[in-house]
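Protein chains in written order, with my numbering: chain A, 1 to 489; chain B, 1 to 489; chain C, 1 to 489; chain D, 1 to 489.
Misleading hints may appear alongside valid ones.
Claimed, not checked - These stretches of chain B come out as covered by chain A in the derived footprint (C-beta under 8 angstroms, 3 or more residues):
| hint | stretch |
| --- | --- |
| 1 | 183–196 |
| 2 | 246–260 |
| 3 | 388–401 |
Claimed, not checked - Okay, derived cross-link-like pairs now, EDC-like style, lysine to aspartate or glutamate, Cα gap no bigger than 20 angstroms in a straight line:
| hint | chain 1 | residue 1 | chain 2 | residue 2 |
| --- | --- | --- | --- | --- |
| 4 | A | Lys399 | B | Glu25 |
| 5 | B | Lys399 | A | Glu28 |
| 6 | B | Lys473 | D | Asp52 |
| 7 | A | Lys473 | C | Asp48 |
| 8 | B | Lys351 | D | Glu81 |
| 9 | D | Lys399 | D | Glu251 |
| 10 | D | Lys399 | C | Glu28 |
What the hints contain is simulated information worked out from the structure, not anything from laboratory work.
These numbers come from a predicted model, not from an experiment.
Where is the CB? At the ideal position from N, CA and C, for every residue including glycine.
There are 4 protein chains.
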Amino acid sequence: MAIIAREQYLKSIRAMRPNVWRNGELIEDLTTHPATKGIIESTARAYDASNDPETATICTTTSKLTGEPIHRWNSLMQSLEDIIANSNFKRFSYRNTGTCTGATCVGWNAQNVMWAVTYEMDKDLGTNYQERLKNWLLKSQENGWAVAGALTDAKGDRSMSPSQTENPDSNVRVKEVRPDGIVVSGVKAMICGVEAANEIFILPGSAYKDPDADYAVAFVVPRDIEGLTIVGCRKPSDSREFEEGWDKAVETGTNSVYLIFEDVFVPNERVFMCRENKYTGKVITYFTANYRAPIGACVAGQGDIMIGASVLMARANGLSVKPFYDKIIQMAINNETTYCMGIGAMACGYKHPSGIWISNSKLAHANKVHVATLPYETKRLCQEIGGGIVETGCFPSYKDLTHPEIGPKLMKAVKASVNYSAETRARAARLSEWLTVGAGIPGCMHGGGSPDGARMVVRANTPIEEFAKQAAKLCGITEDVVDPAPKKK
Amino acid sequence: MAIIAREQYLKSIRAMRPNVWRNGELIEDLTTHPATKGIIESTARAYDASNDPETATICTTTSKLTGEPIHRWNSLMQSLEDIIANSNFKRFSYRNTGTCTGATCVGWNAQNVMWAVTYEMDKDLGTNYQERLKNWLLKSQENGWAVAGALTDAKGDRSMSPSQTENPDSNVRVKEVRPDGIVVSGVKAMICGVEAANEIFILPGSAYKDPDADYAVAFVVPRDIEGLTIVGCRKPSDSREFEEGWDKAVETGTNSVYLIFEDVFVPNERVFMCRENKYTGKVITYFTANYRAPIGACVAGQGDIMIGASVLMARANGLSVKPFYDKIIQMAINNETTYCMGIGAMACGYKHPSGIWISNSKLAHANKVHVATLPYETKRLCQEIGGGIVETGCFPSYKDLTHPEIGPKLMKAVKASVNYSAETRARAARLSEWLTVGAGIPGCMHGGGSPDGARMVVRANTPIEEFAKQAAKLCGITEDVVDPAPKKK
Amino acid sequence: MAIIAREQYLKSIRAMRPNVWRNGELIEDLTTHPATKGIIESTARAYDASNDPETATICTTTSKLTGEPIHRWNSLMQSLEDIIANSNFKRFSYRNTGTCTGATCVGWNAQNVMWAVTYEMDKDLGTNYQERLKNWLLKSQENGWAVAGALTDAKGDRSMSPSQTENPDSNVRVKEVRPDGIVVSGVKAMICGVEAANEIFILPGSAYKDPDADYAVAFVVPRDIEGLTIVGCRKPSDSREFEEGWDKAVETGTNSVYLIFEDVFVPNERVFMCRENKYTGKVITYFTANYRAPIGACVAGQGDIMIGASVLMARANGLSVKPFYDKIIQMAINNETTYCMGIGAMACGYKHPSGIWISNSKLAHANKVHVATLPYETKRLCQEIGGGIVETGCFPSYKDLTHPEIGPKLMKAVKASVNYSAETRARAARLSEWLTVGAGIPGCMHGGGSPDGARMVVRANTPIEEFAKQAAKLCGITEDVVDPAPKKK
Amino acid sequence: MAIIAREQYLKSIRAMRPNVWRNGELIEDLTTHPATKGIIESTARAYDASNDPETATICTTTSKLTGEPIHRWNSLMQSLEDIIANSNFKRFSYRNTGTCTGATCVGWNAQNVMWAVTYEMDKDLGTNYQERLKNWLLKSQENGWAVAGALTDAKGDRSMSPSQTENPDSNVRVKEVRPDGIVVSGVKAMICGVEAANEIFILPGSAYKDPDADYAVAFVVPRDIEGLTIVGCRKPSDSREFEEGWDKAVETGTNSVYLIFEDVFVPNERVFMCRENKYTGKVITYFTANYRAPIGACVAGQGDIMIGASVLMARANGLSVKPFYDKIIQMAINNETTYCMGIGAMACGYKHPSGIWISNSKLAHANKVHVATLPYETKRLCQEIGGGIVETGCFPSYKDLTHPEIGPKLMKAVKASVNYSAETRARAARLSEWLTVGAGIPGCMHGGGSPDGARMVVRANTPIEEFAKQAAKLCGITEDVVDPAPKKK
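Produce the complete structure using the sequences and hints provided.
So, in structure tokens, the structure goes:
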């Protein structure tokens, strides 16, 4: 029963109450509405792949809690193999859908991170958070839920802490603690995968000091819980999802939303942290290490598709791919770099006493800088190979190409290779556009935090004084060379 | 009379017959239709600036033919100062409109290039092409026309020459020569500025050998000439131009189109080359040198606006720009590089016997490679400073932000800096998105030819054998070191 | 007895007959001669570290053959942990000596690679090569030998195979097979660590076809075997090793040599491949995968020292390192990239049936491209922080700085920070020069093969047709898009 | 008489008293001593080229003061053509000698800069500095002097101003003003071209405030003036200049020195600034603009030779250059970028009221950042094409290659291409090594100031507030978006 099929999944999404808005409209059926059916299709393909013998090992595993087969995204990652499998699932899914795995990504990481942090809290404070988490996890595994996760708050003024900023609800917080649960309010922003998820796992958005203790809160809720309003964001060329024809490029999709919590009641069994702000630093450290290590697999998977799209474009233009090998090799190196550094960060990680595998933070953050830069080169190369029609999408619309009067003229005009139809060229061009400047752009630069934040983690973990001492020893310096005292002003 | 005002310009556009299609619709009034009014607004601002004492020197000059004041884009460029003024006009216009100067760009270059090439043809062949061009030029200067230019053909199969490819009309060609003029057919693709132009100047798209002599043709036509069908292309997020509110970011715009010529008659006085394929190489050489030199000013101007947008985003987020200085300096260096190398290519140019200034081809093409790469870094930095909401535009829509029920909640949620409104942040975010992954992306990588083509020109102009000889002399090699003979297979 | 101390090691080197030349001189005692004592000091420090409790786990392990403690570089690497330990030993040694681990690097890899290849040969051909190797390995472990390795041949004309090239001895080959052993001749070029080694492990330099079967040969010899002449190569500023004072920067060093074999007899028990050219491809594949994965740790270790040297220079100049953090972070990211991708390549490897761990070839080769490029940026940053005196070493000589007449004036002139002596600044400057443009430059770009060779391996392992198919599926292309047939000429 | 020949030049150098030290030795005859004859040969070749009809227009011009023919490096640069000719002379000289034009570079710039600054001082203060400069210039033109220039002081602690630092003579200063002249002391560091110069032109090293007025001093002295001690610096592999054979690669050279002034008396007619610290900012501004614009031509010229060396190496290895075209094109683009941006900076300059042409400062400094980075890529590519033997110079020494016993074996071993001798390969390899990690490395990153200094000039000249305003206008922001006030602490 734990390996769910597409139809069961779609049914579970349809069963929830409408609370997702887009363009001023409350969406009735997410699975059929043009704005959301793409992201649900992307997620549904993961359920398909779980049931396909060829890909089942990528998408499923055995529960360490029950010994039952489960979807990978419902599992605890307790070994290097487990977490490498996370990367491989992400890369596979990107290739399989062209998009990120929103509804099976952050939530998966969140439950693992909280498995470790609840272990620490329970040990130090005598709480029973891990038990609660375990119970929820069993239910999640049994139902094969897609679980989105939310870390980033709307924040308010970036130069202030949550409790200082104008609007106390710019960040999600505990408003009230009741005997049977907590009441939360506030906004999580740019949250991915929500429309395709059964549940949403909320983590604190930063490491908090005592004055911000109310913001130290972790819990999980059904997507359609009372008091939660969800508003979908725009993305480039998003209106094409409402159009007919090939201009939208693909049937899949991804999306991000704002989660507006207004006095939402969360029962205790779904609360895994409540004002223990001392542990929020741990949440952030574990989360970012285990998020930024496999995120390189996502951009690698997208890069694989960009290689494929480049090959299609060259050939649709009437050319061989051979003269483009140098560029394709560079694209491949970029893909393998972010993928492989992520694996390296995992291999240099360690097993947390709770049993969870934690990646090496410094290496995961060094990789994040590549994730924030290399895909830009890969996209540029994809556009360079594809030519002007993919650089800016300057190609006639589906409506014009299929118009009774001007369509036939246009189709004749845009046909290039003698071997392939104009439609094939149009589709390849729209795919390339979609990948590089369209709705297919993943938010990898800032997703899971900014590259400057990553650079700071690298800085903090680079022992420059030790390196200076070793350098001094090598060249025979006997003075102790320290930084000059700051000048008095 | 030669310095035209906005209203006269708009009137002249409105006076032409409808022949521009978009999304299956033949547009009645280009100046008011959402799909085209942006590009016309961009062009109208150049007319405004011509009449503004502060910017008149940038946008106007004195005709060397008549001594009258004229718009710069109607002038012959006969000195280094003249052609530097082309760069400065382009950079100014980009800052002024956020977009490229389509309707005053390629046409301007085309008339200069043909001034030189007609001089050569007339001298060699006894034709009177330059006289025809001069007469048209006088009219163009008098009417202050906006003149688009078209070089790139639809091409067909890239591995074949125009006469070999399936469809003889994949490239524009002379179908018939009559006593009073010529009949042309064929398609020019991805042509910029057409909807905002009075006239369109057609050049041959490549250097042609004898079998392709029919494709050696240059002429100028009114935009609405009989037999010409124009179809506008898509660009990222183009549908937003049909929306209300700030999601479309700006009121200006640019666009590219397909020009479908079907048995169009062009009278002799508007024909400047007809089957003299020997001279098409000159057209390409002069055109690319003088096009790729100032194109660096366009991307510099866009980069200037990206710096501005980054500053706005940082502050709208509640931050100072100071921590971002390193990134902004890099953006500025990128901008100045493409601008300044263009100027350097001009300064290393020469005065053609016809009086036209020709930029240095090797240097202009070296610059083209930067134009095709550096703006990608500038965009990335703009997104890095702006944060996740500009990377993918994941920010709620105008419709949601202004919706009676969810709007107020959302506006409160997205407000960041205590000093600035949520609307200011939304507008800055949409501008940054528009510039980096939206309709504001200029086609600079492939515009005017591919970077690989540019690399080949650099290669052809780098005297590697001479460098090898000098190196050999320096290190005392006395053997003559030549490339090995190719192996027999 | 298997963990050897510095003195035993030095004694073993001194015990061998002189056969190493430098600058036209046959060196009597390698351990004291200025040209070779540096590399021997580097190696001796590895023996020191093996005996230091703090570093023993890095430098020693337990023999899987005997259960005895051994130096790591005498071990078989049979698990991911084992091979990660190779990377960590390399990075540690670089930090500890400033130089590469020549005499404990390629030989270590060679014995592992041949463990796998002899397993395959024995299985397929019924030979007993692995038994021979095991017997030698037991002796090597017992004696704690430093074993250099040699792959690269002198090659001759790069466009020809070994048997085609003018001089049959441009590559090492079997000249004669005798009952008790083989006679070999030929030249291995640019071989590292030889002067500090007890033994030299020879591998075939490429994958050979049948006509080159004589070149398919693997064996191990003592460094001072009869018939072997060794000539040391130059490196930048190598003459400083013959000078007094701090201009040579460090007491350690590395070196490469030419090995000239002239009718050298190798007894059968030291021969592990003899004309089985079918298996040379395996040697190359396993060798490069396991060599290019950990080589990233070497350049990372050198980069760590460059960070240290940069810190020293900034402070010796009177500055804080704070304004240089951005540059130092970039250096650190470069270091971690090559290190971590190497680990990732290992973690994506597999256990060979012989028990040896083989790294992932594609990922190891993608890393090689970074190894060939990123250190150049790291060096540039080191020079940028250090200032002009490290960029080109333009700083007075030790002789001038300590000259009775001009020395005192100069020392006063070059003193910068009020806190540190002129000598400290001189030493830091010379270290930085040595690391970036001096004798400390490691040969990482071409060491173990060229980056273009690595790119070809990446190309061969990137399934671009599969990516194209997946891309076509995503965008709904139904035609089978293949490369056009080459044109007939 | 003003166009001097090699012999006259050498005679003039020999006529001066010895005051140059190297390696603890006071050099008697600079023109024959191994440490200095290379740089003098480089300079002598400029005199040769001045007398060669083929290159005379590059190296000579007409004096605007006398109408007589003069060496270019003795001229005032009063037009765009004049200053472009500076760039072209530099690029030619680099190709002609492989080295920088030390003795005809900074001094040339210095006299031009001081022509402008003395004009301003005379106008404001009623001094007669320009008259003095003119008289010296007439003499310099008549004698065809090589004039080195010195800006950079030894500085002392970088965090202090000259008058604050421990040693008041860390920077050159006026110690005493006498009726007939001034007495100066202090140290200029890393000064190029001095050993090959007749005269040395001293400029203030920075913009000084009133407390540092003594350091505001400009003057010119013969190289051998009493009280001046000159100590040559080291450079990579400098000892090879003392060796026989091809290991030193070339017969030319460059060098930098420390100038130690101890109570040197300078007569008034050679003093062009004395304590007018208000004008030191102008000196720096004009100097850096006109120095950093043409410096791109120097690295371009070196890059041209690197292309040549790469071609030689490929062929000496037995290969065609064709597979390396991509790399060579990138090298060429790098060369043309620094050259062409320099020309662009000049073309965007202006004519100073004194008649001197001043380059655009912002653009010249943007170019400086490329000068500090692009050559590193060019060098890397040169090493990538050349192979391992040029990466680190790991190739046997001349002494070994020509040794009676081992030489013949080695020569046979290192021969590669069947078409070229081993010696040709050795020479090409040593040239490549010399260019990339040997004595031929020019100090372009820090020469004339650091890249971070250049970045600050770019920052200061980038109107980010104006760009922000324009961006705000484009997207309809009506609030005035300014930086937040710094937080109180």
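Lys473 of chain A and Asp48 of chain C: Cα distance at most 20 angstroms?
-> holds, 16 angstroms
Per the coverage rule (Cβ-Cβ under 8 angstroms, at least three residues), is the stretch 183–196 of chain B covered by chain A?
-> holds (count 3)
Given hint Glu25 of chain B paired with Lys399 of chain A - CA-CA distance at most 20 angstroms | holds, 9 angstroms
Straight-line alpha-carbon gap Lys399 of chain D to Glu28 of chain C, limit 20 angstroms | holds, 18 angstroms
Within 8 angstroms of chain A's CB atoms, at least three CB atoms from the stretch 246–260 of chain B: coverage verdict = holds (count 4)
Could you grab the alpha-carbon distance between Lys399 of chain D and Glu251 of chain D and see if it respects the 20 angstroms cut-off?
-> holds, 18 angstroms
Closer than 8 angstroms, Cβ to Cβ, for at least three residues: run that test on the stretch 388–401 of chain B against chain A and report holds or violated.
-> Result for this restraint: holds, n = 11.
Given the hinted pair Lys351 of chain B and Glu81 of chain D, is their alpha-carbon gap at most 20 angstroms?
-> holds, 15 angstroms
Do the alpha carbons of Lys473 of chain B and Asp52 of chain D lie within 20 angstroms of each other, as the hint requires?
-> holds, 17 angstroms
Can the restraint linking Lys399 of chain B and Glu28 of chain A be considered satisfied, given a maximum Cα separation of 20 angstroms?
-> It holds: about 18 angstroms lies between the C-alpha atoms, which stays within 20 angstroms.
Of the numbered hints listed earlier, not one is contradicted by the structure.
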